[in-house]
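Following the hints, position chain H with the ligand against chain U.
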Amino acid sequence: MGSKTSFDFDSNIDTALNDGQLRKNLRNAMDILVEKRRAIFPDSDQLQQLRAAGNAIKRRALKKLPQLLEQLEAKCTANGIHVHWAEDTSQANHIILEIMRRHEASAVVKGKSMVSEEMHLNRFLEAHGLEGVETDLGEFIIQLNHETPSHIIVPAIHKNKDEVAAIFHEKLTGTPYTEDVEELTAIARRTLRERFADAKVGLSGVNFAIAETGTLLLVENEGNGRMCTTVPDVHVAVMGLEKVVEKLSDVPPLLRLLTGSATGQLITTYINMISSPRKADEKDGPKEVHLVILDNGRSSILADPQLRQTLLCIRCGTCLNHCPVYVRIGGHAYGHVYPGPIGKILTPQMEGLEKAGVLATASSLCGACGEVCPVKIPIPDLIRRLRYESYDQEAAAVVDGGGYKKNFAETMVWKGWELANRSPLLNELGTRVAGAMGNHLPKVGPLKQWTSVRTAPRIARKSLHQRLRDEGVNHE
Amino acid sequence: MNSQLSNQTARQRILARLHASGTEQTDVPDAPLPSEISLAGDAKIERLAALMSAIRAEVYIVESDSWQDKLKQLARKRGWKRVLYGPQGPIGPEIESAWPADADDLPKLVAYTQPVESFKSELFQNIDVGITSTRGGVAETGAIALWPTPAEPRLLSLVPPVHVAVLDADTIYNSMTEMMAAERWTDGMPTNALFISGPSKTADIEFTLVFGVHGPKELIVLIRN
Ligand code: SF4
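So the sequences go chain by chain: U and H. The opening position of the first sequence corresponds to residue 0 in numbering that gives the first Met the number 0, with each subsequent residue numbered one higher. The opening position of the second sequence corresponds to residue 0 in numbering that gives the first Met the number 0, with each subsequent residue numbered one higher.
Because the hints were derived from the structure by calculation, they are not lab data. Hints may contain errors.
[Claimed, not checked] DEER-style ranges, computed between Cβ atoms: (1) 18(U) x 104(H): 29 to 39 Å; (2) 125(H) x 102(U): 19 to 29 Å; (3) 37(U) x 37(H): 19 to 29 Å; (4) 278(U) x 80(H): 23 to 33 Å; (5) 108(H) x 122(U): 45 to 55 Å; (6) 171(U) x 80(H): 47 to 57 Å; (7) 19(U) x 19(H): 48 to 58 Å.
C-beta: ideal position from N, C-alpha, C; glycine also.
Extracted from the complex, chain U is given alone in its bound form (with noise of 0.2 Å):
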């Protein structure tokens, strides 16, 4: 899955409509996820002020970027902290590969981290006869089943005990069938333990950099991130170049918006700040802490003054949760790491769009996923502008692959329609063809396609402007 350069998202879409039992696990978790975000942010007003604060937070944040990671950099190697940069995926699984052949190390335990995903990272090791071992829960179960995660926050929430239950007495030997919850987590606790013990390396991801003191914060609920942090003599942290942020107190209200959008949380169980590596006189702590800092397409997304905005997110997955198509497909079937309205705007952009702009489609652009965002980004006017630069090249698209759908029907559609509705004449006569005629149209082409599975909307008899003229406006 992930970097497939084609993929059949229809088919995808169709299967995942059809598993009922998929559709039930993920509206049930849904809609807890949505009813907990709900009650954290109890009064709509400051809830608005906070965005409008996050958003400032991150905008200033990419405006500042160069000089921010420069900051960050020399705060971090004044720490005691290796940085790293690389341009694309294999160049980091190569920084990471490294590390590990020189501590001879045969596995990384690793902590939840969306951006290894991107990186496929434990697909390459495995490719090298290494390791990667995920020690959160939800990615420790899809893991065992060769799964990739199928939200950003609850990676295995597509399944549910019963199957769980029977992943863990398959997958690890000796494991009695149990779907009592306590229990499964149990095993894992017990399972994993021993391997934190024993790593030589330990992985995690980055929520927010600080540049002002060089400090990297992570936050999580289940303590395998300070595990993987903590225990190890390497730590290796990996970010996207968008996570760092100017001062340590644009952390606070961040970390709010963070979790009261992705778990319905005030705080969670931990915040974890690394700023060094092991001191002379510490006892424990990794000895070596690495920070890899990624690029991957996201300096080119920053130079659309419009895109651009795609980089203020902080993978809360909120957008997700509320996301109607989301809710009813699940994020396998969006055939690439990040799935959900994130997921359609970022992946179009980093993979280009004739591989992934058909990400783009999946919207009924209700809206949602733009009123729920903590950073406020604008995710369904970035849609569209994906949807128009995949038929126009000529707009000066800026997203690799522009223009791939463009056809000479669709254009002459397009032109007749941008015509007729500059004329006023031209319209009037179209919607009066219509009204006229409308509930007779023969069902072919796109419309038969739209009404194969919808009820075509009733045309009114007659149009706006007649009834305007016949009746009058009432101003009541």
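Quick look at chain H with the ligand alone, frame taken from chain U:
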């Protein structure tokens, strides 16, 4: 050598693209933060205790000069066998002085004074409880702040199944922001700083809440007032 070179190249090319992106020319609107909560001393204690209890931390308010009594009471009641602590830490001497050498019914005190490399199996297998001091608390969200030190290492609050944290009431701040500013955290961050709001937990299987998935199953906060 080769990899250093490619690292330099990558760095330069990325920074060049960022500079060329035009991002530095954007306008950023001013957006004030919502006002912070501001509570009196007792209200701060109450809020912290209420919020942390709500997510399954056990919070006890104890007398400053006899807090060890509560610790011993818990130790006896729960049958703890081996308790890990930092003898050189701020509460080390107070723990030792409360532990009579001949008390058979109290757990054995184990000192975390060696590097973890020579202590790992003991730490992972034979310790019931880790005790730490705290740097302070946050009322707004309900959390304690820890800055682990050589005397109270990082794993003390993570590996043992129970974490006991001793918090002084007068170090509870309204908010994280207030605490970071008042204590001038930006002057120098420690190797590791933590906010902890409860025991380790997960809801990854069907949203069923389970405690102690990787870290402590129990978090006990003794607030010395
Ligand atoms: S786009 Fe907004 S809502 Fe979606 S994951 Fe990113 S920050 Fe959250």
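So, going through the hints one by one against the coordinates:
no.: 1; hint: 18(U) x 104(H): 29 to 39 Å; result: violated (58 Å)
no.: 2; hint: 125(H) x 102(U): 19 to 29 Å; result: holds (28 Å)
no.: 3; hint: 37(U) x 37(H): 19 to 29 Å; result: holds (26 Å)
no.: 4; hint: 278(U) x 80(H): 23 to 33 Å; result: holds (32 Å)
no.: 5; hint: 108(H) x 122(U): 45 to 55 Å; result: holds (47 Å)
no.: 6; hint: 171(U) x 80(H): 47 to 57 Å; result: violated (29 Å)
no.: 7; hint: 19(U) x 19(H): 48 to 58 Å; result: holds (51 Å)
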